[in-house]
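Enquirer: So you can see what is in the structure, the chains are spelled out below.
Number of protein chains: 2
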Amino acid sequence: MNPYETIDSYLQTHLTENLAELTRLVAQPSVGAQNLGMEKCAALVADLLARRGFHVEIMPTGGAPVVFGERKGRNNAKTLLFYNHYDVQPAEPLELWETPPFEPALRNGKLYGRGVSDDKSHITARLYAIDALLDSAGELPCNVKFIIEGEEETGSLHLPQFITANREKLSADACIWEFGGVDHREIPMQYLGLRGICYVQLSVETAAIDVHSGQGGSIFPNAAWRLVWALNSLKGPDEKIRIPGWYEDILPPTRRDRELFDQQPDAAPEYLKMYGVKNFLKGLTGGTDLYLAEVFEPTCTICGLTSGYQGAGSKTVLPAKASAKVDFRIVQGQTIEKCLALLRQHLDTEGFSDIQIEFLGGGPAAKTDPDDPFIQLVVRTAAEVFESEMELIPMVGGSGPNYPFVHELKLPVATAGLGYPDTRAHAPNENIRLDLYLKHARHMARVLTEFAR
Amino acid sequence: MNPYETIDSYLQTHLTENLAELTRLVAQPSVGAQNLGMEKCAALVADLLARRGFHVEIMPTGGAPVVFGERKGRNNAKTLLFYNHYDVQPAEPLELWETPPFEPALRNGKLYGRGVSDDKSHITARLYAIDALLDSAGELPCNVKFIIEGEEETGSLHLPQFITANREKLSADACIWEFGGVDHREIPMQYLGLRGICYVQLSVETAAIDVHSGQGGSIFPNAAWRLVWALNSLKGPDEKIRIPGWYEDILPPTRRDRELFDQQPDAAPEYLKMYGVKNFLKGLTGGTDLYLAEVFEPTCTICGLTSGYQGAGSKTVLPAKASAKVDFRIVQGQTIEKCLALLRQHLDTEGFSDIQIEFLGGGPAAKTDPDDPFIQLVVRTAAEVFESEMELIPMVGGSGPNYPFVHELKLPVATAGLGYPDTRAHAPNENIRLDLYLKHARHMARVLTEFAR
Numbered sequence: 000m001n002p003y004e005t006i007d008s009y010l011q012t013h014l015t016e017n018l019a020e021l022t023r024l025v026a027q028p029s030v031g032a033q034n035l036g037m038e039k040c041a042a043l044v045a046d047l048l049a050r051r052g053f054h055v056e057i058m059p060t061g062g063a064p065v066v067f068g069e070r071k072g073r074n075n076a077k078t079l080l081f082y083n084h085y086d087v088q089p090a091e092p093l094e095l096w097e098t099p100p101f102e103p104a105l106r107n108g109k110l111y112g113r114g115v116s117d118d119k120s121h122i123t124a125r126l127y128a129i130d131a132l133l134d135s136a137g138e139l140p141c142n143v144k145f146i147i148e149g150e151e152e153t154g155s156l157h158l159p160q161f162i163t164a165n166r167e168k169l170s171a172d173a174c175i176w177e178f179g180g181v182d183h184r185e186i187p188m189q190y191l192g193l194r195g196i197c198y199v200q201l202s203v204e205t206a207a208i209d210v211h212s213g214q215g216g217s218i219f220p221n222a223a224w225r226l227v228w229a230l231n232s233l234k235g236p237d238e239k240i241r242i243p244g245w246y247e248d249i250l251p252p253t254r255r256d257r258e259l260f261d262q263q264p265d266a267a268p269e270y271l272k273m274y275g276v277k278n279f280l281k282g283l284t285g286g287t288d289l290y291l292a293e294v295f296e297p298t299c300t301i302c303g304l305t306s307g308y309q310g311a312g313s314k315t316v317l318p319a320k321a322s323a324k325v326d327f328r329i330v331q332g333q334t335i336e337k338c339l340a341l342l343r344q345h346l347d348t349e350g351f352s353d354i355q356i357e358f359l360g361g362g363p364a365a366k367t368d369p370d371d372p373f374i375q376l377v378v379r380t381a382a383e384v385f386e387s388e389m390e391l392i393p394m395v396g397g398s399g400p401n402y403p404f405v406h407e408l409k410l411p412v413a414t415a416g417l418g419y420p421d422t423r424a425h426a427p428n429e430n431i432r433l434d435l436y437l438k439h440a441r442h443m444a445r446v447l448t449e450f451a452r
Numbered sequence: 000m001n002p003y004e005t006i007d008s009y010l011q012t013h014l015t016e017n018l019a020e021l022t023r024l025v026a027q028p029s030v031g032a033q034n035l036g037m038e039k040c041a042a043l044v045a046d047l048l049a050r051r052g053f054h055v056e057i058m059p060t061g062g063a064p065v066v067f068g069e070r071k072g073r074n075n076a077k078t079l080l081f082y083n084h085y086d087v088q089p090a091e092p093l094e095l096w097e098t099p100p101f102e103p104a105l106r107n108g109k110l111y112g113r114g115v116s117d118d119k120s121h122i123t124a125r126l127y128a129i130d131a132l133l134d135s136a137g138e139l140p141c142n143v144k145f146i147i148e149g150e151e152e153t154g155s156l157h158l159p160q161f162i163t164a165n166r167e168k169l170s171a172d173a174c175i176w177e178f179g180g181v182d183h184r185e186i187p188m189q190y191l192g193l194r195g196i197c198y199v200q201l202s203v204e205t206a207a208i209d210v211h212s213g214q215g216g217s218i219f220p221n222a223a224w225r226l227v228w229a230l231n232s233l234k235g236p237d238e239k240i241r242i243p244g245w246y247e248d249i250l251p252p253t254r255r256d257r258e259l260f261d262q263q264p265d266a267a268p269e270y271l272k273m274y275g276v277k278n279f280l281k282g283l284t285g286g287t288d289l290y291l292a293e294v295f296e297p298t299c300t301i302c303g304l305t306s307g308y309q310g311a312g313s314k315t316v317l318p319a320k321a322s323a324k325v326d327f328r329i330v331q332g333q334t335i336e337k338c339l340a341l342l343r344q345h346l347d348t349e350g351f352s353d354i355q356i357e358f359l360g361g362g363p364a365a366k367t368d369p370d371d372p373f374i375q376l377v378v379r380t381a382a383e384v385f386e387s388e389m390e391l392i393p394m395v396g397g398s399g400p401n402y403p404f405v406h407e408l409k410l411p412v413a414t415a416g417l418g419y420p421d422t423r424a425h426a427p428n429e430n431i432r433l434d435l436y437l438k439h440a441r442h443m444a445r446v447l448t449e450f451a452r
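Respectively, the protein sequence lines represent chains E and C.
The numbering of the first sequence is numbering that gives the first Met the number 0, which starts it at 0 and goes up by one.
The numbering of the second sequence is numbering that gives the first Met the number 0, which starts it at 0 and goes up by one.
Some hints could be false.
Since the list gives no way to pick one copy over another, a pair counts as held whenever it fits inside one copy or between any two copies.
Said to hold, decoys possible - No farther apart than 27 Å at their CA atoms in a straight line, the calculated lysine-lysine pairs in the DSS-like style are these:
no. : residue 1 : residue 2
1   : K281      : K320
2   : K77       : K366
3   : K320      : K277
4   : K77       : K409
5   : K409      : K337
6   : K320      : K272
Since the hints were made in silico from the structure, they are not lab data.
Fair warning: this is a prediction, and the values are worked out from it, not measured in the lab.
Let the hints inform the model, and build the full structure from the sequences given.
Expert: Below, the structure written as structure tokens:
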């Protein structure tokens with residue numbers, strides 16, 4: 000007999016009410032980069048926790064507030080910490096959305112909206128598991144804490160110092176990360192680490208006003224050209240980052256990391272189809288090499304370029320200002336401080352001391368041991384719900400502030416979630432599948448129950 | 000006694016009515032690049048000509064229509080052709096305008112508005128001179144034709160073929176160009192030539208959708224990087240255009256060109272102050288070298304860059320698309336066809352066959368002999384009105400379609416106008432000085448009168 004029958008039955012029958020909460024949460028914009036709706040969304044999240052009997056605090060951070068919630072459980076000696084975030088990516092380009100990003104829409108078993116996958120459904124699915132546990136036992140099996148921040152999509156600028164300052168309050172035995180999900184074969188994935196990120200804006204101003212390009216082209220400096228040359232000095236078409244010292248502290252993947260990737264099926268065909276690209280960079284064709292490149296190499300990605308006239312047709316102007324958003328992913332061994340210092344030094348050496356660097360957020364890489372008992376528990380409980388063995392992925396290419404959880408709070412961090420390959424996080428038509436939503440709630444109910452034992 | 004007393008007196012007393020016409024014309028947006036208000040503006044210009052008894056035609060070109068006007072004069076053997084344009088530059092960035100660009104505003108003897116200087120006031124000031132001549136004699140001293148196009152600011156894409164197709168209709172003995180004006184010493188300038196221009200949009204698309212930069216940074220191509228590298232291959236910080244063959248057909252300035260520039264005062268202090276720049280490019284400091292670089296060298300100017308996320312804060316996205324507006328100024332000897340072919344060949348050779356080139360307009364350089372009798376007439380008549388000898392400038396850095404006038408219609412082309420150094424053509428707060436407006440009208444009345452003799 001299934002010991003989770005009551006729980007699963009509750010989750011099966013209360014989905015409509017729970018999705019109404021998710022819909023309300025997604026309908027509340029919370030775009031950190033545009034400072035849109037942050038306080039309102041924090042209050043909404045706090046209310047969701049308070050309704051479940053959590054002691055809730057909305058805590059200032061210097062940026063968007065953290066929502067902290069805590070509820071004691073039957074086993075007072077074990078505490079599980081959930082890390083989530085209520086902020087979302089900007090919804091632009093708006094014209095590519097089939098339905099408006101902040102008007103959640105249900106189509107073909109999927110719910111669409113900005114932030115529905117990343118990360119609002121993870122919040123409400125976990126609360127849904129808690130509802131089921133409370134309904135069946137009147138109490139939680141263990142202590143549960145939530146830390147739900149509002150700056151994840153903008154680099155979690157204040158989270159590390161918030162965690163250091165609130166180490167006691169956040170003390171726990173293990174942590175469930177904000178995301179997770181299944182791959183294209185419907186197999187649930189256990190992501191054990193996250194790459195770091197150092198996100199900067201590079202900008203330059205060469206004159207007080209834009210100049211007519213007919214007059215100025217031969218004799219005045221051009222901000223767009225300065226930017227292009229400075230960027231070109233950072234990385235060439237060989238994809239090698241040209242900043243001296245950039246690679247010197249890097250810890251390479253371990254033998255265990257390679258072994259875990261060797262067990263993965265080739266991702267190449269899926270990737271090429273999904274994104275409509277013809278080839279990978281650096282002559283990569285697939286297999287373990289593609290995985291290792293994807294997550295264990297540092298990157299230098301231009302996320303945006305802006306300068307001068309960008310409308311239709313032509314305008315003959317010599318731009319006085321130009322800027323680029325640049326996302327450096329960093330790997331184990333690299334630190335933000337050193338990366339920023341190396342970048343500044345390189346630009347100065349190359350003659351680009353006119354290029355300003357603004358740090359927009361980030362943090363170092365971190366990973367959890369694949370053989371940690373908590374990881375094993377999350378993997379084991381997933382197997383039953385997803386009817387498939389969870390696969391261990393030693394590291395992912397994305398970033399998040401797992402570093403202070405791993406190194407400051409000393410927690411094993413397991414990922415679990417309801418993502419899937421076409422979830423379109425950060426892109427137009429972001430969506431979740433309701434079947435996976437339900438599975439994640441069932442999985443979390445099992446993790447909480449077995450963790451308490 | 001001043002033979003132009005009646006004329007000057009008319010111009011002195013009818014300014015308010017005439018400026019009302021100019022104000023109406025500026026209030027009508029006509030942004031070619033944005034296809035905004037073009038037909039309405041053409042109709043307005045046609046009406047201004049028709050009211051002066053001109054036979055007017057609004058003629059299709061394949062792009063914005065040409066307004067053509069013709070009125071016979073006393074001396075039927077002499078025809079003066081005015082070239083003007085009714086289109087204007089985009090008004091962006093709007094936030095830098097002190098008053099809205101399409102709500103003409105009079106402040107301290109200046110009229111502000113997009114297109115007021117470039118080129119709408121030149122149209123109405125010339126019509127004002129015609130009003131004065133008609134008022135004093137009931138007829139014009141010679142035949143007058145106007146060709147007023149709507150694509151000057153977008154590269155006069157259809158004008159050369161229009162001129163070729165209408166050579167008879169446009170036949171004349173001399174041409175007054177759309178612009179002109181005084182320098183910072185209030186000395187009127189005779190600009191004898193215009194650099195050519197080859198304006199292109201370079202664009203690249205690397206994937207069907209934007210990719211999360213955490214996942215894609217190491218393994219997927221990035222449109223912004225492709226663009227940066229391609230641009231970098233065109234020109235380096237030494238300002239030398241790296242496209243093989245680019246400089247090989249160039250005709251250098253003549254000894255007479257150098258002599259004319261030697262007579263000019265040093266422009267350097269004025270330029271540095273006006274644009275708020277610290278240094279010129281290429282180690283230039285001023286004098287004849289600065290002038291020669293400004294107008295006799297080809298340029299490669301990035302006028303705009305656009306890719307990915309450009310809002311506030313950070314967004315972790317790997318852009319699928321990127322584009323740049325690039326303005327190549329070309330000099331005597333260079334042709335559009337060869338430049339486009341060399342550019343394509345260079346990009347292909349350098350590994351950038353993924354970069355698309357879209358030609359947005361342009362034409363070759365052309366100049367008129369400084370010793371042509373018509374130039375001498377324009378110079379002589381200016382001296383009295385401006386109380387200063389006109390200075391001959393062999394070439395300017397800006398571009399315009401003077402090539403078909405010089406080489407197809409075989410006309411001497413003289414510049415005359417009401418610009419001044421702070422007129423801010425193409426920039427926010429474009430404006431004209433009313434004192435210079437009146438002087439230009441007086442100058443044009445004299446040119447028409449003496450040309451007819």
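Enquirer: Confirm or reject each hint.
Expert: Hints versus structure:
| no. | hint | in the structure |
| --- | --- | --- |
| 1 | K281 with K320 | between (33 Å within a copy, 20 Å between copies) |
| 2 | K77 with K366 | within (22 Å within a copy, 87 Å between copies) |
| 3 | K320 with K277 | between (34 Å within a copy, 15 Å between copies) |
| 4 | K77 with K409 | within (15 Å within a copy, 93 Å between copies) |
| 5 | K409 with K337 | within (24 Å within a copy, 66 Å between copies) |
| 6 | K320 with K272 | between (38 Å within a copy, 18 Å between copies) |
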